[in-house]
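Knowing the structure of chain A, use the given hints to seat chains B and C on it.
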Amino acid sequence: MKKILVMLIVVGLLVVTLGTSCKQKEEGTIKIGAIFAVTGGASFLGAPEARTAEMVVEEINAGGGIDGRMIELIIKDSAANPEKAISFVKQLIEEDQVLAIIGPSTSGETMQIKDIAESYKVPLVAAAAAEAIVDPVASYVFKTPQKDSYVAKWIFSTMQSMGIKRIGIVAANTGFGNAGKGQLEKYAPDFGIEIAIAETYDRAATDLTALLTKLKAKNVDAVVNWSIVPAQSIVPKNMKQLGMDVPLFQSHGFGNTKYIEAAGAAAEGIIFPAGRLLVAEKLPDGNPQKETLVAYKKAYESKYGEDVSTFGGHAYDAIMLVVEAIKNADTVDREGVRNALESISGFPGTGGIFTFSPTDHNGLGMDSLEMLTVRNGEFDFLQ
Amino acid sequence: MSAEQILQYIFAGITVGSIYAFVAIGYNIIYNATGIINFAQGEFVMLGGMIAYTFSQYMPLLPAIILAVIITSAIGGLIESVFIRRMKKNSVLGMIVVTIGISILLREASLYVWDEQIRALRFFTGSEISSVNIFGARISPQVLWVLGVTIVLVIVMFLFFKFTLTGQAMRACSENSRAAKLCGIRTDSMVNLSFMLSAGIGALGGCVVSPLTQTHYAMGTDLAIKGFIVAILGGLGNATAAVAAGILLGLIESFSISILPMAYKDVVSIVILLVILLVKPSGIFGSVQASSMKDY
Amino acid sequence: MKRYSPLLILAGTVIVIQLLTLITGKAFLLTQLTMSAYYVLVAAGLCMVMGYAGQISLGQAGFFAIGGYTTAFLTTIDFSGKTATAVYKILDSMGLLISKENLYGDTVIHISPWISLLAAVIIAAGTAYFLGVPVLRLKGHYLAMATMGFGIIIYRIVLGTPFLGEADGITNVPEFIIFPGVNVSGDFTSRVGNYYIAWLLVIVGMFLLLNLINSRVGRALRSLHGSEDAADSMGVDTARYKVNVFVIGAVFAAVAGFFMTHYNGGIGPSEAGVAKSVRYVAIVAVGGMANLWGSLVMGLVLNFLSLRGVFGHFDDAVFGVILVLMMMFMPEGFIRKSVFNDLKTVILRLLKKEPEKFKQGAEIND
Chain A
1 MKKILVMLIV
11 VGLLVVTLGT
21 SCKQKEEGTI
31 KIGAIFAVTG
41 GASFLGAPEA
51 RTAEMVVEEI
61 NAGGGIDGRM
71 IELIIKDSAA
81 NPEKAISFVK
91 QLIEEDQVLA
101 IIGPSTSGET
111 MQIKDIAESY
121 KVPLVAAAAA
131 EAIVDPVASY
141 VFKTPQKDSY
151 VAKWIFSTMQ
161 SMGIKRIGIV
171 AANTGFGNAG
181 KGQLEKYAPD
191 FGIEIAIAET
201 YDRAATDLTA
211 LLTKLKAKNV
221 DAVVNWSIVP
231 AQSIVPKNMK
241 QLGMDVPLFQ
251 SHGFGNTKYI
261 EAAGAAAEGI
271 IFPAGRLLVA
281 EKLPDGNPQK
291 ETLVAYKKAY
301 ESKYGEDVST
311 FGGHAYDAIM
321 LVVEAIKNAD
331 TVDREGVRNA
341 LESISGFPGT
351 GGIFTFSPTD
361 HNGLGMDSLE
371 MLTVRNGEFD
381 FLQ
Chain B
1 MSAEQILQYI
11 FAGITVGSIY
21 AFVAIGYNII
31 YNATGIINFA
41 QGEFVMLGGM
51 IAYTFSQYMP
61 LLPAIILAVI
71 ITSAIGGLIE
81 SVFIRRMKKN
91 SVLGMIVVTI
101 GISILLREAS
111 LYVWDEQIRA
121 LRFFTGSEIS
131 SVNIFGARIS
141 PQVLWVLGVT
151 IVLVIVMFLF
161 FKFTLTGQAM
171 RACSENSRAA
181 KLCGIRTDSM
191 VNLSFMLSAG
201 IGALGGCVVS
211 PLTQTHYAMG
221 TDLAIKGFIV
231 AILGGLGNAT
241 AAVAAGILLG
251 LIESFSISIL
261 PMAYKDVVSI
271 VILLVILLVK
281 PSGIFGSVQA
291 SSMKDY
Chain C
1 MKRYSPLLIL
11 AGTVIVIQLL
21 TLITGKAFLL
31 TQLTMSAYYV
41 LVAAGLCMVM
51 GYAGQISLGQ
61 AGFFAIGGYT
71 TAFLTTIDFS
81 GKTATAVYKI
91 LDSMGLLISK
101 ENLYGDTVIH
111 ISPWISLLAA
121 VIIAAGTAYF
131 LGVPVLRLKG
141 HYLAMATMGF
151 GIIIYRIVLG
161 TPFLGEADGI
171 TNVPEFIIFP
181 GVNVSGDFTS
191 RVGNYYIAWL
201 LVIVGMFLLL
211 NLINSRVGRA
221 LRSLHGSEDA
231 ADSMGVDTAR
241 YKVNVFVIGA
251 VFAAVAGFFM
261 THYNGGIGPS
271 EAGVAKSVRY
281 VAIVAVGGMA
291 NLWGSLVMGL
301 VLNFLSLRGV
311 FGHFDDAVFG
321 VILVLMMMFM
331 PEGFIRKSVF
341 NDLKTVILRL
351 LKKEPEKFKQ
361 GAEIND
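Protein chains in written order, with our numbering: chain A, 1 to 383; chain B, 1 to 296; chain C, 1 to 366.
Bound-form chain A, shown alone (with noise of 0.2 angstroms):
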């Protein structure tokens, strides 16, 4: 019977490798792989950045792909587990010869694979925030959403200019919540602005009057929360059950229109910087990044009947620039895209304008992104 049963090993590896090897291969095609938490604890970054990616590869090649030649996505769902990605990384890059590599969705995943990338000699644009990415730099590693020191700073001069001195911080325990959390605290001396305290929530988290409680009773004159979903629609509605008469801040995390319609009127007033996504039609006309923009919503909104987030904008950037690069490139190798890469300048995207350099992997700068707040159900511009 073990000695059947050890056959039946085999058999099933002969079919494995047999089926893979059955796969139509076609000339011509740029291979392009993706990484991205479609399902899992992540699924909030990573379905909208799949669907984005499909979309645009899609139009691309319904316009003839890249000087005729088409582009093959293949998309991984690692649903946010590290040692997904990291199988998945190495399958792209040894087994599909994906020319270059888009996501992970998450700060974890791309921290571990960025060695990987690095050592193989594949161009890699990750989705994820957290600046270590890119910082030291590695040559093949780039990353679309912009800085979260950006994002600290800019919180910080508009409490320096609205007179608050005293703030709470509260972030949820993931990549990207801790990073925010280190880049608050990094800054906060800097802007004269003094932390009272600072604590992190599990991410799933469904009630947190308790947590406000605490902050309440240290007297802020802010509140900053550092999240993706579901806690900043809860914090602001926690705060005003709570009585909390306070500004609330928020990350780049809150850009989904969604998560005013779950906050409700808890929303309104509700102080935090993103891309200019999110207000593309309320941008004057001259603005370089517009067309961009508005052809992005659209197009999104028509195909999938549900509302951009700025994740799937970063996804967006991250397929458009190694687009471009392919596009700019000398040879159309994993060598020539990478420099093509390092060499974009004033690229628009929908998070900024990207200009990148042998220093700089993150191509944007600290006017990437926009004071907004809501007003009456909208993201409007703060002033």
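No lab work stands behind these hints: they were computed from the structure. Since we're looking at a predicted model, the values are computed, not measured. Cβ coordinates follow ideal geometry from the N, Cα and C atoms, glycine included. It is possible that part of the hints are untrue.
[Stated by the list, open to error] A few chain A residues that face chain B, going by a derived Cβ cut-off under 10 angstroms, partial list only:
#1 S43
#2 N173
#3 I234
#4 P236
#5 E261
#6 T373
#7 N376
Leaving out everything else, chains B and C in the frame of chain A:
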């Protein structure tokens, strides 16, 4: 800590505790009828909120909630008749594994039926920004709804199990299902009813807390774990004690936040659970004599 | 020696598969085969706990994480700026420090993973013992809850502790040099070596477990699974056996976690999650509970497919379906004798046309 603050922590604890209690009551009903723990209980809460939200787009809140409760309890009944009843080997291990499997399936299915977005039902009274002042502490009117529904539920459950024929029959099943069968009680339909009932209660809970906590496809697992802790704390099978244990756990968690970093909140509750399990597995409100007759 | 012949077949299969991937030019498959091997090790350990000792453990990922995080934490401490400290001098004089250059040209000095391997095993075994002694007195739902509680505690600690990387996990874990030339690392050039290291570990693990099952302890365990009270009254020290097996299961998981972390060059909190523990239970259940070979085959197949992303967005759903269907229709597991007898008779019938034999086979399928 000022008096207002202490009161505020108490309210926070009671709010969270009532949510746990909803899940734990569901556990107890099924446990009483079948002796198994249904790990998919948290998913019923999620389904209730999701379905009610979808209907509330087209109709007023009350009929949407009623529909959600009915549909979810139908799903509960369906799960029993399709999966649980057909289990070949009725072992505890098998039941744990199969209900975990069902919970995964319900979760994944709702990811495809709806999506990964969060949803929140409208507030029953007032809105997101209204709050009620009680002795200096302030709470959302929705918290009062949660408390009210919990209290009504406990009373109704008590009356149902004590005075209605069906309720008595269900209790008989849990005492001794063979004897109940001999007395002419249809144990199969009692088990089915218990699944429908607990799914319905879970769904109702999901609707009442949705404005506060929001509803999301993956919320069930955490609730299931917390509800299980509460059910054991109170003593498996005892619905009233589950409510008390739920509120107790909510209070402990809420006050632990005032001293410890919130990141370790769950560690506190689980350590308490482990201690209770080892010292008094019958639960803090369970009787020691009764527990010595049971097999832990 | 008959009982070890499957081990030889396993070893042969491992070699044949490697050669096959070489011939077909699919050497990249070895990456996922190596990772699966480590998960198989966890499943084999859990199989002993669940299948043979009859104790459910919903916290096995916790032990895996203990192994992985212990080594990840210890081997990522950089001593290059601390050469003046006493700890450095002691470790250096004992030859337990390794110096290397990282990708960005900086020199990093870290302790030898042999130390962290020792630490991982000791911590895992100690935790399992002190957890097992009180907790294994519980049964059924209570045991499930207690072990799951342990798993959640580990998960929360990992997620809430800054030096364990919080939600990001730990990266840049150095390679484990077993002896010069043989490294546990995810480098493509040492892939074949790593494949053999991983499967050698599985073979050694299986050898130990098979010996255990066929020893006095194994017989005691089986009696325990049958009826604990009966075993107790026959003078079997059930409590001790249960704890010992629990410790063995934990050590298997921790060793797997240790190797996987060095192979991947890092570890994240998802390895400690309840979902992972449930997966291990699913694998053992599908493998047929008290069936080491079943756990091995299903652990390999399911993890291999999952790590290759074959299930796509349905990864969790697939495990859910497996759990439900197996428990409903095949509580004895997929890998069991009658299935093979059926297969065999079907094949024989097709080859030789022996209808009688097929009929017999069909009856076995209860």
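Numbers of unmet hints, in rising order: 6 and 7
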